[in-house]
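In order, the protein sequence lines correspond to chains A and B. Heads up: the first sequence is residues 1 to 147, going by this note's numbering. Heads up: the second sequence is residues 148 to 450, going by this note's numbering.
Calculated from the structure, these hints are not laboratory results. Check the hints yourself; a few may be wrong.
Sample of chain A residues at the chain B side, in silico, Cβ under 7 Å [as the list claims (entries may be wrong)]:
1) GLY37
2) LYS41
3) ASP122
4) HIS139
5) ARG143
6) LYS145
For each residue, glycine too, the CB sits at the ideal point set by N, CA and C.
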Amino acid sequence: MRMTALLLAATMTIAATAPALAADPIAARQAIMKQNGKDTKALVGYLKGETPYDAAAVAALFTSMNAGAKAFGTHFPPTSKTGGKTEAAPAIWEKPAEFKAAVAKFQADTGAAAAAKPASLDAMKPLFGQVTANCKSCHESFRVKEQ
Amino acid sequence: MRRLLISLVALTLFATWLFGLLTMPRRLPAAEIAAETSGDAARGARIFWAGGCASCHAAVGAKGDDRLRLGGRPLATPFGTFQSPNISADPVDGIGGWRLEDFANAMQRGVDRTGNHLYPAFPYSSYVNMTQGDVADLFAFIKTLPRVAGRPPETRLAFPYNIRRGIGLWKLLYLDSGPIAALPAGNAPAQRGRYLVEGPGHCGQCHTPRTLGGLGGLDTARWLGGAANPEGKGRIPNITPARSGIGAWSAGEIETYLETGFTPDYDSVGGSMVEVQQNLAKLPKEDRAAIAAYLKAIPAVEN
Chain A
1 MRMTALLLAA
11 TMTIAATAPA
21 LAADPIAARQ
31 AIMKQNGKDT
41 KALVGYLKGE
51 TPYDAAAVAA
61 LFTSMNAGAK
71 AFGTHFPPTS
81 KTGGKTEAAP
91 AIWEKPAEFK
101 AAVAKFQADT
111 GAAAAAKPAS
121 LDAMKPLFGQ
131 VTANCKSCHE
141 SFRVKEQ
Chain B
148 MRRLLISLVA
158 LTLFATWLFG
168 LLTMPRRLPA
178 AEIAAETSGD
188 AARGARIFWA
198 GGCASCHAAV
208 GAKGDDRLRL
218 GGRPLATPFG
228 TFQSPNISAD
238 PVDGIGGWRL
248 EDFANAMQRG
258 VDRTGNHLYP
268 AFPYSSYVNM
278 TQGDVADLFA
288 FIKTLPRVAG
298 RPPETRLAFP
308 YNIRRGIGLW
318 KLLYLDSGPI
328 AALPAGNAPA
338 QRGRYLVEGP
348 GHCGQCHTPR
358 TLGGLGGLDT
368 ARWLGGAANP
378 EGKGRIPNIT
388 PARSGIGAWS
398 AGEIETYLET
408 GFTPDYDSVG
418 GSMVEVQQNL
428 AKLPKEDRAA
438 IAAYLKAIPA
448 VEN
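My request is simple: use the sequences and hints to build the entire structure.
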């Protein structure tokens, strides 16, 4: 009886702390990555001087990336290792602590960039570098190309 | 019965002799090696980054100046785990005590200083296309790098890959110099790119499929057409101007990718290519432009 109560309590705790699972986690994480690409492209427009600098728009782009970063790590249940043209590397599930740390770093860097609200292009440049360094460093270990 | 026995012994001796002859390590003729001290270390830095030496000989995950510490690292493949040796300037554990002749034979014939075959995981079948001068410059540069003490463990592969002498047969079949991709005449930047890609850059070693289910040489009919990932899951992309390759990328976009790691869609470089891209970012701009010109000019391979 006591055992049942314990189990029940444990289950409830897990249910309360587990993040809501997307119906299609592979599609959800791919959509976040696609948005990251779009946001990066827009930021590069400012970097290259192709778009006149707009502090509010830049802050919004960093905020968008931060929102994606916060949700990203919740879309890797063990049932989503394959299928849906996923390019997720097996290392995500083999080295969960390292993957978690990489996602946490992306959250922190995008969060800092969004909070900084860079007023000028010169202020934005180092933040852009800090944020986009995450792309390579994470893809080096945790993404494998399928085509 | 006696005659049969004699015939058998004779046949075995003959086969052994033939195997020995065919698999004998063959060294470079002296005329194909630059003069001993002719190398220039400053010029060699460019060849070092073009050749990606650090990507296999510096420690896994090394950053910054640690990428110049060439103590060797393991490389896991379906054949077993290769150990890249210490090629630092250490005179005992590295190649500090080597002469240019030793280095050139390793680079362009896959023969080590003691006369043994090196595994073709070391891409000498690409380095064979390098100029004598570049080999000498690279050697001079490596001699200026930090001395790293210690030797990685010996490479131990399963039978039959552990018979080093057998590599001689592989070399007979697949170690060959000369231009690979057909290029349109008069495209000078593409010709310069050819040297970097087919020689020091050794791009084809991963981006071209191999014959005999991975055991053989590069399938040059599908040159740079994409291949299985030698390190596990996934594929190494097709980088020819095909629809299934990077035909949609402009030369400028290829250059940007090699410099920054961003694709035209602002996806990023990943996997082992991260280190390669970081190496190529250290080259002069015109080298990346030449590689891009070459990749736009080679025949498209559709998958």
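The hints, checked one at a time:
1. GLY37: 4 Å, holds
2. LYS41: With a minimum Cβ separation of about 5 Å from chain B (threshold 7 Å), the hint on LYS41/A holds.
3. ASP122: 19 Å, violated
4. HIS139: Holds: closest Cβ of chain B sits about 3 Å from HIS139/A, inside 7 Å.
5. ARG143: Holds: closest Cβ of chain B sits about 4 Å from ARG143/A, inside 7 Å.
6. LYS145: Result: holds, 5 Å to nearest chain B Cβ.
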